[in-house]
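Q: Quick mapping for you: the protein sequence lines, in order, are chains W and R.
Just so you know, the first sequence maps onto residues 106 to 363 in our numbering.
Just so you know, the second sequence maps onto residues 106 to 363 in our numbering.
Hints should not be assumed to be uniformly reliable.
[To be verified] Just so you have them, the derived chain W footprint on chain R, three or more residues with Cβ under 8 Å: (1) 150 to 164; (2) 263 to 277; (3) 281 to 288; (4) 296 to 304; (5) 315 to 325.
[To be verified] Sample of chain R residues with no beta-carbon within 10 Å of chain W, all distances over it, derived: (6) G111; (7) K112; (8) P123; (9) D143; (10) V146; (11) R186; (12) A187; (13) D198; (14) D234; (15) T240; (16) T247; (17) L248; (18) P328; (19) P330; (20) A331.
If you are wondering where the hints come from, they were derived from the structure by calculation, not from laboratory data.
For glycine and all other residues, C-beta sits at the position ideal for the given N, C-alpha and C.
Protein chains: 2
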Amino acid sequence: MSASRGKVYLTGAGPGDPDLLTVRAHRLLTTADAVFHDDLVPPRILELCRPDARVVSVGKRCGSKSVTQEQINDLLIESARAGLSVVRLKSGDPLLYARASEELAALAHAGVPCEIVPGVSAVFAAAADLQVPLTDRSSASTLILLTAHRSSAATPPPLWQGDLPSDATIAIYMPGSDYRRLQQSLLASGLLPDTPCMVVSRAGTHETLSLRTTVAALGDRDPLPAPSILLAGWALDTRNALPAGELASLLDALGPDA
Amino acid sequence: MSASRGKVYLTGAGPGDPDLLTVRAHRLLTTADAVFHDDLVPPRILELCRPDARVVSVGKRCGSKSVTQEQINDLLIESARAGLSVVRLKSGDPLLYARASEELAALAHAGVPCEIVPGVSAVFAAAADLQVPLTDRSSASTLILLTAHRSSAATPPPLWQGDLPSDATIAIYMPGSDYRRLQQSLLASGLLPDTPCMVVSRAGTHETLSLRTTVAALGDRDPLPAPSILLAGWALDTRNALPAGELASLLDALGPDA
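In isolation and in its complexed conformation, chain W is listed as follows (with noise of 0.2 Å):
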């Protein structure tokens, strides 16, 4: 199925290299009649568009507002109009963190078609390229994705009321370059000083740079270029992990109610 004409896709980029894109999002970004991207998606993808497709960057990089939110909305509604098959292509996701509620509510209230094809988020990649496990039988049975706070008092905010739940995997996508000022948050969190922490920047490209560490030692680190994401939690720390066998075993060991 080829992009159709006078419908918008809001489409996920995934983490960078095409090919994490899905097969969905290639094909229609090959064959979109126009393809309008945030700052973040990379020149070898914008590479597949059409040669003689309209491609636009209309990202807001570092808040600079070159092109408004209202003036994005505009663009999907009139290139739709047009009779054109557009692109709306985002970095990861396109439904996290990725402002969809305000390009939804204007293409509805428009009357403009939309589809929505999801695509690989950026903790996926992360973690793949560290090869450690999101979630774990012993110790995470939860993920919780957030963001870091902008907040120039002296004392960070804590990333959560209250304390974080110790059997969670975190992510802080966009976590900045300030490693103290984000080790005083996940401590201010409640997050044990020696808690498996990792960074990645550019995850999922042949770019891919990553740090293991702890809460403790992170605040030492030298920062990882933009852009990258944060990961913190116990699941990370694959010396847990035991070959099945050896896990049956000491669970024998350890009698039924283990």
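Here the structure of chain W is known, so what remains is to put chain R in place on it, guided by the hints.
A: Below, chain R without anything else, positioned relative to chain W:
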């Protein structure tokens, strides 16, 4: 890059539609010598495998341990050591609720090279089907993925220690079919009765079904078929979203502190 011999690819199959595989997963599936898959991976994805590939279900549906985890580990290790290119295919993303720890540890212990290929997890396919955002600037900056507890106690345990944060979207994987119990758990975890609540069955496939309700009314609804996922939170209430122009006017009218 085709599947390499003597290597295991821990691969996400995504939500179930071959179109929502990543390009890399699609290529690996069509070139691998052996594919070991879970029950939830549908036939139309397995049809992509080479006609002469060894395709084996190693599912553990409903706890019936036809194949133990130890046997799966041994199959992966033996196949890679025999020089085969091996895809270990799991529904969704392979590092979330997929018992990846044990397989990664066994492969590392055996010295078998392993690569992880992320996939689109069910929550993103469900939100795409529903056309609702998972986060929203005004109502939800956090996404929490968890699973429903299996407990036969008369009063279902809360999903969470303490109250769930009110500015989060909650996604419950494998919610089960007892919606009255689920409703009790959600209320016991501090969700307000009128919180929007949606269930999607077979998200991201042509057979997708969904229901839109509130936590208060969830218990009266007929359960949707498995596999399903439950979402709850105020970001799902798209009535809150306004076209950007109207939102800007509203914020202007409310003054600089809004």
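Q: A separate judgement is required for each hint: does it hold in the structure or not?
A: Right, here's what the structure says about each hint:
1. Counting residues of the region 150 to 164 of chain R whose CB lies closer than 8 Å to any CB of chain W gives 0, which falls below the minimum of 3, so the coverage claim is violated.
2. Interface restraint, the region 263 to 277 of chain R with chain W: holds (4 residues with C-beta to C-beta distance below 8 Å; minimum three).
3. Given a C-beta distance limit of less than 8 Å, the hint that chain W covers the region 281 to 288 of chain R is violated, as 0 residues qualify and 3 are needed.
4. Counting residues of the region 296 to 304 of chain R whose beta-carbon sits less than 8 Å from any beta-carbon of chain W gives 0, not enough to reach three: the coverage restraint is violated.
5. Counting residues of the region 315 to 325 of chain R whose beta-carbon sits less than 8 Å from any beta-carbon of chain W gives 0, not enough to reach three: the coverage restraint is violated.
6. Listed as a non-interface residue, G111 of chain R keeps its Cβ farther than 10 Å from every Cβ of chain W; the least gap is roughly 17 Å.
7. Look at K112 of chain R: its CB is around 13 Å from the nearest CB on chain W, clear of 10 Å, so calling it non-interface holds up.
8. At roughly 7 Å, the least C-beta separation between P123 of chain R and chain W is not larger than 10 Å, which violates its mark as non-interface.
9. With a closest Cβ-Cβ approach of about 15 Å to chain W, D143 of chain R is found to remain outside the 10 Å limit, as its non-interface label requires.
10. No beta-carbon of chain W comes within 10 Å of the beta-carbon of V146 of chain R; the shortest separation is about 15 Å.
11. The claim that R186 of chain R is not at the interface with chain W holds, since no C-beta of that chain comes within 10 Å of its own (minimum 15 Å).
12. Remark: the non-interface label on A187 of chain R is consistent with the geometry, its nearest Cβ contact in chain W lying 19 Å away (cut-off 10 Å).
13. Distance check for D198 of chain R against chain W: the nearest CB is about 5 Å away, which does not clear 10 Å, and the non-interface claim fails.
14. Once the 10 Å rule is applied to beta carbons, D234 of chain R is inconsistent with being away from chain W; the minimum gap is 8 Å.
15. Separation of T240 of chain R from chain W is inadequate, the least Cβ-Cβ distance of about 6 Å not exceeding the 10 Å criterion.
16. The beta carbon of T247 of chain R is not kept farther than 10 Å from every beta carbon of chain W, the shortest such distance being approximately 5 Å.
17. With a minimum CB-CB distance of about 4 Å to chain W, L248 of chain R fails to clear the 10 Å threshold, and the non-interface call is violated.
18. The Cβ of P328 of chain R lies farther than 10 Å from every Cβ of chain W, with a closest approach of about 22 Å, so its non-interface assignment holds.
19. The Cβ of P330 of chain R lies farther than 10 Å from every Cβ of chain W, with a closest approach of about 21 Å, so its non-interface assignment holds.
20. With a minimum CB-CB distance of about 19 Å to chain W, A331 of chain R clears the 10 Å threshold, and the non-interface call stands.
The earlier numbered hints that this structure contradicts are 1, 3, 4, 5, 8, 13, 14, 15, 16 and 17.
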